[in-house]
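Asker: Note that the protein sequences, when read in sequence, are chains A and B.
Taking this note's numbering, the leading residue of the first sequence gets -2, the next gets one more, and so forth.
Taking this note's numbering, the leading residue of the second sequence gets -2, the next gets one more, and so forth.
For the record, the hints were derived by calculation from the structure and aren't laboratory data.
It should be emphasised that the depicted structure is a prediction, and the values quoted were computed from it without experimental measurement.
Using N, Cα and C, we set each Cβ at its ideal position, and we do this for glycine too.
Among the hints, erroneous ones may be present.
Mimicking BS3-like on lysine-lysine, the simulated pairs with C-alpha atoms at most 25 Å apart in a straight line are [stated by the list, open to error]:
(1) A/Lys233 / A/Lys118
(2) A/Lys227 / A/Lys118
(3) A/Lys144 / B/Lys94
(4) B/Lys144 / A/Lys227
(5) A/Lys50 / B/Lys144
Covered stretches of chain A, as calculated for chain B (at least 3 residues, CB under 8 Å) [unchecked claim]:
(6) 76 to 88
(7) 138 to 151
Listed next, the stretches of chain B that the computed footprint assigns to chain A, with coverage defined by at least 3 CB atoms under 8 Å from CB atoms of chain A [said to hold, decoys possible]:
(8) 83 to 95
(9) 119 to 126
(10) 130 to 144
(11) 149 to 161
(12) 176 to 182
(13) 185 to 197
(14) 220 to 234
Protein chains: 2
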Amino acid sequence: MLRSSAPVASDSPPVLQRILLVALRHLRVARGVNTLNPDALLAQLHWRYAVKKFDPARKIAPELWAALEQSLVLTPSSFGLQPWKFIVITDAAVKQKLVAVSWNQPQPAECSHHVVFAVRKALGENDVDRFLDSIVATRGGSKDALKGYRDMMTGFAGKAAEQGWLREWGVRQLYIALGNFMTSAAVLGVDTCPMEGISPEEYDKILGIEGTEFATVVACAAGYRAADDKYAQLAKVRFPATEIVRHV
Amino acid sequence: MLRSSAPVASDSPPVLQRILLVALRHLRVARGVNTLNPDALLAQLHWRYAVKKFDPARKIAPELWAALEQSLVLTPSSFGLQPWKFIVITDAAVKQKLVAVSWNQPQPAECSHHVVFAVRKALGENDVDRFLDSIVATRGGSKDALKGYRDMMTGFAGKAAEQGWLREWGVRQLYIALGNFMTSAAVLGVDTCPMEGISPEEYDKILGIEGTEFATVVACAAGYRAADDKYAQLAKVRFPATEIVRHV
Chain A
-2 MLRSSAPVAS
8 DSPPVLQRIL
18 LVALRHLRVA
28 RGVNTLNPDA
38 LLAQLHWRYA
48 VKKFDPARKI
58 APELWAALEQ
68 SLVLTPSSFG
78 LQPWKFIVIT
88 DAAVKQKLVA
98 VSWNQPQPAE
108 CSHHVVFAVR
118 KALGENDVDR
128 FLDSIVATRG
138 GSKDALKGYR
148 DMMTGFAGKA
158 AEQGWLREWG
168 VRQLYIALGN
178 FMTSAAVLGV
188 DTCPMEGISP
198 EEYDKILGIE
208 GTEFATVVAC
218 AAGYRAADDK
228 YAQLAKVRFP
238 ATEIVRHV
Chain B
-2 MLRSSAPVAS
8 DSPPVLQRIL
18 LVALRHLRVA
28 RGVNTLNPDA
38 LLAQLHWRYA
48 VKKFDPARKI
58 APELWAALEQ
68 SLVLTPSSFG
78 LQPWKFIVIT
88 DAAVKQKLVA
98 VSWNQPQPAE
108 CSHHVVFAVR
118 KALGENDVDR
128 FLDSIVATRG
138 GSKDALKGYR
148 DMMTGFAGKA
158 AEQGWLREWG
168 VRQLYIALGN
178 FMTSAAVLGV
188 DTCPMEGISP
198 EEYDKILGIE
208 GTEFATVVAC
218 AAGYRAADDK
228 YAQLAKVRFP
238 ATEIVRHV
């Protein structure tokens, strides 16, 4: 079951503060302070495209990047298990090296921040326990109270490993992160280019994660389009809703 | 290579109009008319959670839903191939039937719009050609000019089918759509609950797509949280950025 919030642990401590915070958040949303209107969202999703040529001189401002990094951290995942690592590359020499293992596409070098989405290859009981520790640290309560949840997750991971689809389950979660990241960037006015056309094994070597518990899955360059990227001028090609959306 | 825009076809017709539109869009973005500020984005991503209990009385307004449906249509995909179908269920009887094949979770029945993400199981030359027709219809030019692109895609699909990972490639694209959809909903102030805990085969039967070219992958309920969904009050549990983000 895919969900971002784990079951309630009893005895969560700072109840009053939390209620006030949540109430405040509801109020702000109710007033529309933090939301976009539908036209603005669609304008940004139309504005977005897979940038071929970034402007190497334009860097993402630190406060914008901090928000984008948090959007990665906040990505929902199955059981909340977050089977991932995000590697953010701004070092010019490393970025340049990645071009050759990205089908010679220039985006890794020319973008501002190149993000590598790496999956946790296995999911042992220790990983589940680390997650449960994190729940208890955040919400209070005891780990014992989460035993049912623990059993469900270790049972799931065991079955998935046995049947050979645990890693692909993790990869799917990373694609949620990729979708979330591109949309988050678009609503902030930051350009991206998702890149499946890379050599994951060569990425692993260059980033020094070969043989570790993580492996490169996909990358996404972020930054700002060059003024002369001709792809920015092209009309977006999509099948019409009448073909790909069915109403029941 | 994952990208949403296909190569440039020559002779695209309504050039002036397009340039004006693009210029207008750039201006609006430059003025920040359509973008969120970073704090507002993060407020919405914190506000988002996997809703357990929807308010069955609250429906998503038509203009909001239209935008969310467009966000699905605009999802980027590998080569731009859009190997998907989105099934939007508002019929009460069908929604109720889906509960039993969703581990008895009530969200499909209680939400406003229940979205099923279905993958195109195979990708033949006819599918590639349909996509190329769509490029030509949108951008003008001739299909012949896209022959290199066609060869790349059919070569890719053939290899992926032979090696047995074509369907999983498509599923990954659907998870981009899922991530995009949840984030789009969050910035509009609409609640969601991603649901991997479903029986895809039973969904296929209920939706009448068993044996067709599409198959259910994952679902996402959308609507508004019930005032008494206790999960809304819980602090979000995430590993800290220091653990899951690495800077190079």
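Asker: For every hint, state whether the structure bears it out.
Answerer: Here is how each hint holds up against the structure:
{"no.": "1", "hint": "A/Lys233 / A/Lys118", "verdict": "violated, 36 Å"}
{"no.": "2", "hint": "A/Lys227 / A/Lys118", "verdict": "violated, 39 Å"}
{"no.": "3", "hint": "A/Lys144 / B/Lys94", "verdict": "violated, 31 Å"}
{"no.": "4", "hint": "B/Lys144 / A/Lys227", "verdict": "holds, 20 Å"}
{"no.": "5", "hint": "A/Lys50 / B/Lys144", "verdict": "holds, 23 Å"}
{"no.": "6", "hint": "76 to 88", "verdict": "holds (count 10)"}
{"no.": "7", "hint": "138 to 151", "verdict": "violated (count 0)"}
{"no.": "8", "hint": "83 to 95", "verdict": "holds (count 7)"}
{"no.": "9", "hint": "119 to 126", "verdict": "violated (count 0)"}
{"no.": "10", "hint": "130 to 144", "verdict": "holds (count 4)"}
{"no.": "11", "hint": "149 to 161", "verdict": "violated (count 0)"}
{"no.": "12", "hint": "176 to 182", "verdict": "holds (count 6)"}
{"no.": "13", "hint": "185 to 197", "verdict": "holds (count 7)"}
{"no.": "14", "hint": "220 to 234", "verdict": "holds (count 8)"}
The structure shown violates the earlier hints numbered 1, 2, 3, 7, 9, 11.
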